[in-house]
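A.B. asks: Sequence:
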Amino acid sequence: MDNRSITNLLAEAADLLEIDGADSFRIRSYRRAAEAVESTTLQLSEIASDMKKLLEIPGIGKSMAANIQEIERTGSFGIRDELLKKYRPTMLDLLKLPGMGPKSVALFWEALQVASIDELEAAITAGRLKSLPRMGEKQIEKLKKGIEEYRKNSGRFLIDDGEMAAEKLIAYLREFPGLDILTPAGSLRRGRETVGDLDILVTGPACAENNVAAAVEYVAQYPPISSLLARGQNKVSFLLRNGLQVDVRLLPESSYGAALQYFTGSKMHNVSIRQRALKYGYTLNEYALARVDDGTPVAAATETEIYAALDLDWIPPELRENNGEIEAAEAHRLPALIEQEDIRGDVHMHTNATDGRNTIREMAEAGLARGYAYIAITDHSKNLAMTNGLDDERALEHIRRIREVDEEMEGRIRVFPGIEVDILADGELDLSDEVLAQMDVVIASVHSLFNQPEEQMTERVLRAIENPYVRILGHPTGRLLLRREAFKINVAAVLRKASELGVAVEHNAYPDRLDLCDRDLRLAKELGCKIAVNTDSHHTSHMEKMRYGIRQLRRAWLRKEDVLNTLPADAFLAALRPRP
DNA sequence: GCCGTTTTCGGCCCGACTGTTTTCAGTCG
Numbered sequence: 001m002d003n004r005s006i007t008n009l010l011a012e013a014a015d016l017l018e019i020d021g022a023d024s025f026r027i028r029s030y031r032r033a034a035e036a037v038e039s040t041t042l043q044l045s046e047i048a049s050d051m052k053k054l055l056e057i058p059g060i061g062k063s064m065a066a067n068i069q070e071i072e073r074t075g076s077f078g079i080r081d082e083l084l085k086k087y088r089p090t091m092l093d094l095l096k097l098p099g100m101g102p103k104s105v106a107l108f109w110e111a112l113q114v115a116s117i118d119e120l121e122a123a124i125t126a127g128r129l130k131s132l133p134r135m136g137e138k139q140i141e142k143l144k145k146g147i148e149e150y151r152k153n154s155g156r157f158l159i160d161d162g163e164m165a166a167e168k169l170i171a172y173l174r175e176f177p178g179l180d181i182l183t184p185a186g187s188l189r190r191g192r193e194t195v196g197d198l199d200i201l202v203t204g205p206a207c208a209e210n211n212v213a214a215a216v217e218y219v220a221q222y223p224p225i226s227s228l229l230a231r232g233q234n235k236v237s238f239l240l241r242n243g244l245q246v247d248v249r250l251l252p253e254s255s256y257g258a259a260l261q262y263f264t265g266s267k268m269h270n271v272s273i274r275q276r277a278l279k280y281g282y283t284l285n286e287y288a289l290a291r292v293d294d295g296t297p298v299a300a301a302t303e304t305e306i307y308a309a310l311d312l313d314w315i316p317p318e319l320r321e322n323n324g325e326i327e328a329a330e331a332h333r334l335p336a337l338i339e340q341e342d343i344r345g346d347v348h349m350h351t352n353a354t355d356g357r358n359t360i361r362e363m364a365e366a367g368l369a370r371g372y373a374y375i376a377i378t379d380h381s382k383n384l385a386m387t388n389g390l391d392d393e394r395a396l397e398h399i400r401r402i403r404e405v406d407e408e409m410e411g412r413i414r415v416f417p418g419i420e421v422d423i424l425a426d427g428e429l430d431l432s433d434e435v436l437a438q439m440d441v442v443i444a445s446v447h448s449l450f451n452q453p454e455e456q457m458t459e460r461v462l463r464a465i466e467n468p469y470v471r472i473l474g475h476p477t478g479r480l481l482l483r484r485e486a487f488k489i490n491v492a493a494v495l496r497k498a499s500e501l502g503v504a505v506e507h508n509a510y511p512d513r514l515d516l517c518d519r520d521l522r523l524a525k526e527l528g529c530k531i532a533v534n535t536d537s538h539h540t541s542h543m544e545k546m547r548y549g550i551r552q553l554r555r556a557w558l559r560k561e562d563v564l565n566t567l568p569a570d571a572f573l574a575a576l577r578p579r580p
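Residue 78 in full-length UniProt numbering sits at position 78 of the first sequence; the count goes up by one each step and never skips.
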């Protein structure tokens, strides 16, 4: 079994233990083990038989190692199986509703035998919740809204989950001789923050019409398939264990470009392109661009030739949303979009001084390994008690240690001292100006009281960035995907003010909290905001998530010169708001 | 359940807010 699946099983056990009211430290052990499995670079399936190696992973002790071995043998483990006898797996969905914790799940189960979102909805409609303790009108209303929100988002997966599933499948398909070109299409290729399903397009000699059957059979044998939905001549559809639907299409090489264009979308982009084709006397479908009159194919093998036949430059998939990209392609004015390689530094990350996993030095080494010229260490401040946030005194000590590491790295990579300072309810910051003055990178972020009314929330942030030491506004929209709605804030007003003050705004690259959606990013650019893209890494492995941030920047039509941390180290610091 | 040691068990991130209570349990970050 792959690490990701083991991670999920351990995390699931932690949730079930919590519903069961188990010892909180024991629960935390399962969570930590899940994180350890997720972040280790070792393939657990390869070392599962080696108890010693398993125990070397921090957070994995004797019984957790035994659990992992059992998972490798049987696909599950004792405690999880027992808990699943007592409870139902659908209860874990209930935990995803805002305001629902393990205690409420347990209560609903014991009092009403409610074990799923559907059952909860029915219980609410029937008025059965009112009889329960602490279930007032507001609470019930909150649940109703939560269910609605959940329904809207469920069925979609975050882009990194989609990408990982695609990579695994593609690796499997490559094993089959004669499958040469394998490309994910659809929203994954366009870099959307969530994907509804996976479209994998495949071509090569094995996809030729007369012998494709063997390849189709091979696809249908993909081990992680949980249920096979359809199996046609050249298409296989199935569900993975996590519910993600996958369509694999095996196409002849001659029409691969047309299929890629067709299945990449977006729908609106394709509508416009097909209209354009008609004006040229062509018709476009997933097989070819062809003349309307006699059906003679004009272009089909590559996307480039199809766009070219319509007098268009090839359009990067991230731009295919019918947002002016066709006009730009016609005028040869498509922007040179930012690339991953343009990023020179990652300036928001945490260490084990607060809630990160690694040391300053380890983060620096990881940044160096990624080819960065600089990073900034920006741990939490004291108001985030749960993260062991830094107070003034500890912050000063931390700066000293960061400077030491900067010295140790001997210029191979610069390590800037910084802080992610908390914006309090009234717009004050929770560290003193004297301390902030010593930081190169001061990121101000909201971490609490998300339910303030919009006006108050906006006012609070505007006040905070007035503080002259603030140089970057952290997650300016507080946008958390799939979990809850963003907090209410006037994004335009905040961006405008940031631009005026010269405060940079951050685009958090991490897929599950993409702060600025492409529309907000475009707005930020229009308003002349300085934009920095950061991973907010809490572990060296998180730095790789930068690529998803880049996808979003590209979707917003941003170029290298639109993003602050494409600059060399000194120029980057110089481009930040000047210190008083 | 893990870890580190004081080697056999005690410590392990905690404070604020909410909606419900009428003194606090549950959730969140």
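Mixed in with the good hints there might be a few duds.
SDA-like cross-link-like pairs, simulated, lysine to any residue; straight-line CA separation at most 25 Å [as the list claims (entries may be wrong)]: (1) 382 with 579; (2) 53 with 110; (3) 235 with 328.
Computed beta-carbon distance windows for the label pairs [what the hints assert, rightly or not]: (4) 275 with 453: 41 to 49 Å; (5) 561 with 88: 48 to 56 Å; (6) 403 with 332: 24 to 32 Å; (7) 453 with 324: 47 to 55 Å; (8) 232 with 66: 41 to 49 Å; (9) 142 with 84: 52 to 60 Å; (10) 85 with 297: 54 to 62 Å; (11) 332 with 84: 58 to 66 Å; (12) 41 with 561: 52 to 60 Å.
Derived by calculation from the structure, the hints in this document are not laboratory data.
We put the beta carbon where it would ideally sit given N, CA and C, even for glycine.
A.B. asks: All the hints need checking, so say for each whether the structure fits it.
C.D. replies: Comparing the hints with the structure gives:
1. With a C-alpha separation of about 23 Å, the suggested pair residue 382 and residue 579 falls inside the 25 Å cut-off, and the hint holds.
2. Simply put, residue 53 and residue 110 have alpha-carbon atoms about 42 Å apart, too far for the 25 Å limit, and the pair is violated.
3. Among the hinted pairs, residue 235 with residue 328 is inconsistent with the structure: their alpha-carbon atoms are about 34 Å apart, more than 25 Å.
4. The supplied range of 41 to 49 Å is met by residue 275 and residue 453, whose beta-carbon atoms lie about 45 Å from each other.
5. Roughly 54 Å separates the CB atoms of residue 561 and residue 88, a value that falls within the hinted 48 to 56 Å.
6. Roughly 49 Å separates the CB atoms of residue 403 and residue 332, a value that falls outside the hinted 24 to 32 Å.
7. Checked against the hint of 47 to 55 Å, the C-beta distance between residue 453 and residue 324 comes to roughly 35 Å, which is inconsistent with it.
8. At roughly 45 Å, the beta carbons of residue 232 and residue 66 sit within the given window of 41 to 49 Å.
9. Checking the proposed 52 to 60 Å range against residue 142 and residue 84 shows it is violated: the Cβ atoms sit about 28 Å from each other.
10. The supplied range of 54 to 62 Å is met by residue 85 and residue 297, whose beta-carbon atoms lie about 60 Å from each other.
11. Taking the beta carbon of each, residue 332 and residue 84 are about 59 Å apart, inside 58 to 66 Å as hinted.
12. Residue 41 and residue 561 have their C-beta atoms about 35 Å apart, which leaves the hinted 52 to 60 Å range violated.
Checked against the numbered hints given earlier, the structure breaks hints 2, 3, 6, 7, 9 and 12 and satisfies all the rest.
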